[in-house]
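Construct the entire structure; sequences and hints are all you get.
In case you want the letters, here they are:
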Amino acid sequence: MVSFIRAIRFALQNIWRNFWLSVITVTMLVLTLLSVNLLLVMDFVTSRATQYVEDRIEVSVYFKAGTPQEKAMNALAYLRNLSQVRDVQSVTADEALIRFKDRHAGEEAILRSVTEVGRNPFGPALIIRAKSAADFPFILEALDSPQFSQDIREKDFSNYEQIIRRIQQTTDSIRLFGFGLCLIFLTIATLIIFNTVRIGIFIHREEIGIMKLVGATDGFVRAPFLIEVILYSILATVIVSAIVLPSIAALDPKLNLFFSGYSMGIVPYFQKNGWMIFGSELAGLTVINLFSTYVAMRRHLRV
Amino acid sequence: MIHLKNVSKHYHPDVAALRNVNLHIRPGEFVSIVGQSGTGKTTLAKLLFAEETPTRGQVLIGGWDISNIQPRDVPFLRRQIGVVFQDFKLLPRKTVFENVAFALEVAGVAGRRIREVVPQVLEIVNLRDRAHRFPKQLSGGEQQRVAIARALVHRPKILVADEPTGNLDALNTHEIIELLKKINEFGTTVVLVTHNRDVVNRLCKRVIAIDHGEVVSDVEEGKYRI
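Residue numbers (the numbering used here), protein chains in the order written: chain A, 355 to 657; chain B, 77 to 302.
Warning: the hint list may mix true and false statements.
To be verified - Straight-line distance between alpha carbons at most 30 Å, and here's what the computed DSS-like set of lysine-lysine pairs gives:
no. : chain 1 : residue 1 : chain 2 : residue 2
1   : B       : 233       : A       : 566
2   : B       : 81        : B       : 170
3   : B       : 81        : A       : 566
4   : A       : 566       : A       : 608
5   : B       : 122       : B       : 233
6   : A       : 566       : B       : 212
7   : B       : 233       : B       : 165
8   : B       : 299       : A       : 566
9   : B       : 299       : B       : 258
10  : A       : 509       : A       : 566
11  : B       : 165       : A       : 626
12  : B       : 165       : A       : 566
13  : B       : 257       : A       : 566
14  : B       : 258       : B       : 165
15  : B       : 165       : B       : 122
16  : B       : 170       : A       : 455
17  : B       : 170       : B       : 257
18  : A       : 455       : A       : 425
19  : B       : 81        : B       : 257
Stated by the list, open to error - Here are the simulated distance ranges between beta carbons:
no. : chain 1 : residue 1 : chain 2 : residue 2 : range
20  : B       : 186       : A       : 529       : 48 to 58 Å
21  : B       : 103       : A       : 653       : 39 to 49 Å
22  : A       : 653       : B       : 90        : 21 to 31 Å
If you're looking for bench data, these hints aren't it; they were derived computationally from the structure. Small disclaimer: the values here were computed from a predicted structure and weren't measured. Ideal Cβ placement from N, Cα and C applies to all residues, glycine included.
Structural data, given as structure tokens:
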């Protein structure tokens, strides 16, 4: 215990004596973690944005005029049994006519033409929402069965799939770029840690020599360098959490506004998973830094 | 206490620092190892605190064969052998007290014990009033006394001094040798590696002469003679 406390003291001395080197090292670790968090936030926001779009995709299936409501209800029951379908709403022919009139209120010519037909020109309709945009082709194919296809006049499927694909392509590009950025920062941070330890060994070579001479164990000589990088990792994680948490708190209302009041839930997400996110980042960073230190000590510290 | 049996040390196959050295140093002895530069004196000293291992032969310290000592055992050997060098090897940013305490700190000795022992050792080397000075504020002789205090702080049974007076003037040299004699009188075996003729002649203790890596003479109460 006494030796452990002394090793921590020596580690703190190392950090303090090489203050600017420590600052650079921590800065690189902070940049690495920031890029990881940026990637995380991007991933979260794009998945929520995709969800937002998917939630709003619906297919309208229009039955031919004069089709009995019962047939539409059969189709509705059939669709509700499909696992790909989230929700189906039915619109009767009368409701369709009322909606049409409401939509074109004030457009005399249109309303007159409907009256001139003398009967309800609309059939019943179904409004279908799928669990995922990728499910729509299956649902549309299901409605092509002879049981329903003869009565269906039109299937109105706006090309949402393309929009989602575009979002996903953009997201994948950003994710790839972010991943590359993470790798670059991580490589630089690892090299800097390696160099910091190497310089630390070089600066303390006299002290290390004397430590060995007066009977310090290998572990005692190595421990301050290992503790030093653990402290760097902790400090970097604390700084990053101090940057990221207020930033997402500031970003959240703007994102909600952008998505027309749809809650992105990024703050609750970090509130719920913050310990796990920053804990994992700390653990990962520490493991990488310890590995880098181990390699530096193997190469440069002869004990 | 110290046994060297047929010890040879080769740094390269063709370069022998020591050749077939046989020595026995008894507990409480004061032994001077003399010889000109490059004859293998320092190599012999390094073998005693496992800075080097012999190419052939056996080195026994208190019955412990350290010829092929495991790296993990070296710290425990060094806590039993005090070592003093010509260049003092003090930490410039630490005070006298901290330099001496450092040897105990790295061995995991408790702080309270350190605060007890260090002043006692500084008293022995007559530096108690210099405890809070830094090495650069001391004379060469005083710095060497700090190094001796650090070597003594583990209460070693053996003190190896490799050219401890090499950087000192005559007065300081005399002080250091008197201190080593005092330490020897307390029962510590002292191995003094030197090429200082006056020091050896004045000591009138056992003298082992080395030349070209071989022991060429071993005389009780001897003089410097090569």
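Each hint tested on the structure:
1. B:233 - A:566: It holds: about 18 Å lies between the C-alpha atoms, which stays within 30 Å.
2. B:81 - B:170: Cα-Cα ~40 Å, so violated.
3. B:81 - A:566: holds (26 Å)
4. A:566 - A:608: Not satisfied, since the Cα-Cα distance of roughly 59 Å exceeds 30 Å.
5. B:122 - B:233: holds (16 Å)
6. A:566 - B:212: holds (23 Å)
7. B:233 - B:165: Within the cut-off at roughly 21 Å; holds.
8. B:299 - A:566: Not OK: residue 299 of chain B and residue 566 of chain A at ~35 Å, beyond 30 Å, violated.
9. B:299 - B:258: holds (20 Å)
10. A:509 - A:566: violated (82 Å)
11. B:165 - A:626: Distance of about 55 Å is beyond 30 Å: violated.
12. B:165 - A:566: Distance of about 12 Å is within 30 Å: holds.
13. B:257 - A:566: holds (26 Å)
14. B:258 - B:165: holds (22 Å)
15. B:165 - B:122: holds (15 Å)
16. B:170 - A:455: violated (93 Å)
17. B:170 - B:257: holds (28 Å)
18. A:455 - A:425: With Cα atoms ~24 Å apart, residue 455 of chain A and residue 425 of chain A stay inside 30 Å; holds.
19. B:81 - B:257: Distance ~27 Å between residue 81 of chain B and residue 257 of chain B Cα, so the pair holds.
20. B:186 - A:529: 48 to 58 Å: The hint (48 to 58 Å, Cβ to Cβ) holds, given that residue 186 of chain B and residue 529 of chain A are roughly 55 Å apart.
21. B:103 - A:653: 39 to 49 Å: holds (42 Å)
22. A:653 - B:90: 21 to 31 Å: With a Cβ separation near 30 Å, residue 653 of chain A and residue 90 of chain B satisfy 21 to 31 Å, so the hint holds.
The structure is inconsistent with the numbered hints 2, 4, 8, 10, 11 and 16, although it conforms to all the rest.
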